[in-house]
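K.L.:
All chains should be built: construct the whole structure from the sequences, respecting the hints.
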Amino acid sequence: MLRGLAIVSEASARGAERNEADALLVARIRAGDEQAFESLMARYQAPLFRYLRGLVNDPEQAQDLLQETFLRAYRSIGTLDDPGLLRSWLYRIAHNQAYSALRRRRLISWLPLTFGQHLSTPAPDRGAVELAHVEEALRRVPIQQRAPLLLHLVAGFSYAEVAALLQVSEGTVRMRISRGRAAFRAAYGGEEDDDAS
Amino acid sequence: MHPDPLQLAAYLDGALGEDERAELRAHVLTCSACAARLERLRADARQIAVAMSAAPAPDVRAAVRARLSRPAPFAWLGGGLTLAGALAALLLFAVLVGGRGAATAGRAPDRLVIADRSNAQIVALDAANGARLAVLKLAEAPDAITYDEPRDRLYVRLRQALIAVDLHTFQPIGRWDARQPFAAGAGMALDPRVGRLYLARPGGVIALALDSPELSEVRTYDLGQTPGALAISPDGATLLALNEEQARLWTIDVGSGRARSQTLAPSRPRNGYLSVSRDGRSIFVLLTGVGERGDRPGIWRVDRAGQAEAPTLLAQTPLPWDMELLDTGQLAIPRGDGRVGGVELVAADTLSTTTRLEPSYDQHHIVAGPNGTLYGLNYTHATITRFDANTGAVIWRTPENRGLVPWDGVYVRGGWRWPWWP
Numbered sequence: 001m002l003r004g005l006a007i008v009s010e011a012s013a014r015g016a017e018r019n020e021a022d023a024l025l026v027a028r029i030r031a032g033d034e035q036a037f038e039s040l041m042a043r044y045q046a047p048l049f050r051y052l053r054g055l056v057n058d059p060e061q062a063q064d065l066l067q068e069t070f071l072r073a074y075r076s077i078g079t080l081d082d083p084g085l086l087r088s089w090l091y092r093i094a095h096n097q098a099y100s101a102l103r104r105r106r107l108i109s110w111l112p113l114t115f116g117q118h119l120s121t122p123a124p125d126r127g128a129v130e131l132a133h134v135e136e137a138l139r140r141v142p143i144q145q146r147a148p149l150l151l152h153l154v155a156g157f158s159y160a161e162v163a164a165l166l167q168v169s170e171g172t173v174r175m176r177i178s179r180g181r182a183a184f185r186a187a188y189g190g191e192e193d194d195d196a197s
Numbered sequence: 001m002h003p004d005p006l007q008l009a010a011y012l013d014g015a016l017g018e019d020e021r022a023e024l025r026a027h028v029l030t031c032s033a034c035a036a037r038l039e040r041l042r043a044d045a046r047q048i049a050v051a052m053s054a055a056p057a058p059d060v061r062a063a064v065r066a067r068l069s070r071p072a073p074f075a076w077l078g079g080g081l082t083l084a085g086a087l088a089a090l091l092l093f094a095v096l097v098g099g100r101g102a103a104t105a106g107r108a109p110d111r112l113v114i115a116d117r118s119n120a121q122i123v124a125l126d127a128a129n130g131a132r133l134a135v136l137k138l139a140e141a142p143d144a145i146t147y148d149e150p151r152d153r154l155y156v157r158l159r160q161a162l163i164a165v166d167l168h169t170f171q172p173i174g175r176w177d178a179r180q181p182f183a184a185g186a187g188m189a190l191d192p193r194v195g196r197l198y199l200a201r202p203g204g205v206i207a208l209a210l211d212s213p214e215l216s217e218v219r220t221y222d223l224g225q226t227p228g229a230l231a232i233s234p235d236g237a238t239l240l241a242l243n244e245e246q247a248r249l250w251t252i253d254v255g256s257g258r259a260r261s262q263t264l265a266p267s268r269p270r271n272g273y274l275s276v277s278r279d280g281r282s283i284f285v286l287l288t289g290v291g292e293r294g295d296r297p298g299i300w301r302v303d304r305a306g307q308a309e310a311p312t313l314l315a316q317t318p319l320p321w322d323m324e325l326l327d328t329g330q331l332a333i334p335r336g337d338g339r340v341g342g343v344e345l346v347a348a349d350t351l352s353t354t355t356r357l358e359p360s361y362d363q364h365h366i367v368a369g370p371n372g373t374l375y376g377l378n379y380t381h382a383t384i385t386r387f388d389a390n391t392g393a394v395i396w397r398t399p400e401n402r403g404l405v406p407w408d409g410v411y412v413r414g415g416w417r418w419p420w421w422p
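Sequence order for the protein chains is F and B. Under our numbering, the first residue of the first sequence is numbered 1, with each subsequent residue one higher. Under our numbering, the first residue of the second sequence is numbered 1, with each subsequent residue one higher.
Because the hints were derived from the structure by calculation, they are not lab data. Among these hints, one or two may not hold up.
[Stated by the list, open to error] One-sided excerpt, in silico: chain B residues whose CB lies under 10 Å from chain F: (1) G14; (2) A55; (3) G255.
[Stated by the list, open to error] Per the computed footprint, the stretches of chain B lying under chain F, defined by three or more beta-carbons under 8 Å from a beta-carbon of chain F, are: (4) 148 to 154; (5) 312 to 325.
[Stated by the list, open to error] To give an idea of the chain B side of the interface with chain F (calculated C-beta under 10 Å), a few residues: (6) D4; (7) L12; (8) E18; (9) R37; (10) R40; (11) A45; (12) R46; (13) M52; (14) S53; (15) A54; (16) A183; (17) A184; (18) D211.
The model shown is predicted, which means the values in this text are computed figures rather than measured ones. Cβ atoms here follow ideal geometry from the backbone N, Cα and C, with glycine treated the same way.
P.N.:
Here is the structure:
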């Protein structure tokens, strides 16, 4: 039964509704509902993939990490204290996966992270070209700043939520995001786009 | 003295002290160069959000299912399994093997999901036999519905809003409110690849991002007129919009926003529908009220460059109410006058009518299924009829007036239930 659909118009109400839906989903997974985990993956695979891709700059590795994120989530869903925080919890798993992978990559290659070789070939449509430019500029943003920047700007977490997710203070999050913005601007700055749409 | 970029960014994120913030604010209000730099930082944030949200995302569900159903070799030896973990694993095993019979393991059924405007509800039916599976009651009447397979969601257009419905829970998971009501026949076109939903709105088309935390407006395309039917090319690059009364067809380049239009017939009150071939090379436009006397339906084939062939005129009556391309390569056109009509099948390559299914019973909307299956929705008699386009047979029809008045619908393919158990 749909509850209060007509009055659901504010972002906070939507967030609360999402948390409630997530809590229901977690309860169903814990109860052995076969389709609930399928539903969880359907709901979160695209946003988690984009976060991972933004962190590791490699779509193929991001896809592997996404699978690993879901496997770990399934295996440890019993440890999630507040099922309403499923979304933050999934991002945290994905974040840890990406950091481990980046550490491994750094150890193996001895290359600074800003020299990633995985620049994707842009497809000839404008959206893909823009994405490639944004990714290229993001790659130059240090990872400690890029992670909170993506969580705040793309995933839509508040400063406080990012702070809880990354387990640092809110002041640190604000500072890292602002440094990330400045670093992005420095990398992206040469391309002023006057094409208003 | 101008603030440096880091100070401007810190201002946006509330990372400055009170005095520094007040000083910077006063400066920005009087320095146009710094105001512009601040605006560029804001624009960067929007650019990052839009570009990253548009990145195509893979579907990893099958791969995860496969990995979950395959026990890791020697996992029992390596991890220092605790007693609690062992009991949990045993419990899971018992649930999977002992508690689940063949009735729940295996493929979820293909479903037909119907938007019922008269009763303000969305109803899921078993596509094989028409049995009712689930009902979602809404506070407002649904006007149109579309299905997003990669995200496993339905999008339901209401009078002035759009809601997203999770197919597994059959519950709404998101809502976007429009600034003004949609026109009665406002169409939707979905690009699942990049997660964009296009909606016809007064004066043009609006694009919503489907993967941002909330459904959000990302772009508008101003056309100067209000389109009805929308369609999108399979590669997501070209959006088509039709104003049926003006017989005007727009071809819009989604990336640049450049729109070209052409008028196919003199303007008059009429209905109009759009379909795109699977290879994206042909666009089919059906308009009523054309021909020499303006009293016949006609179909145009338009190529991607916008070149329209001369229309093929169809039989005058009963009126057509929809057009859907089937996987048999036929265009299915329901016809009805409240009594008779049937479904006209037109070969998409030659635009010649091949047959008319059950002309003694009228139909108003078509939902295309796989392998030549199609469903005729009749909202005056409140029935759903399943046809086989290959044989022309009526497979079944739901009883009349049983509390479900089908207005619009989508076909949802079933999938393997998770976890898959061979």
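K.L.:
Does each hint fit the structure? Answer for all of them.
P.N.:
Comparing the hints with the structure gives:
no.	hint	result
1	G14	holds, 6 Å
2	A55	holds, 5 Å
3	G255	holds, 3 Å
4	148 to 154	holds (count 4)
5	312 to 325	violated (count 0)
6	D4	holds, 8 Å
7	L12	holds, 7 Å
8	E18	violated, 14 Å
9	R37	holds, 8 Å
10	R40	holds, 7 Å
11	A45	holds, 5 Å
12	R46	holds, 9 Å
13	M52	holds, 5 Å
14	S53	holds, 6 Å
15	A54	holds, 5 Å
16	A183	violated, 21 Å
17	A184	violated, 21 Å
18	D211	holds, 5 Å
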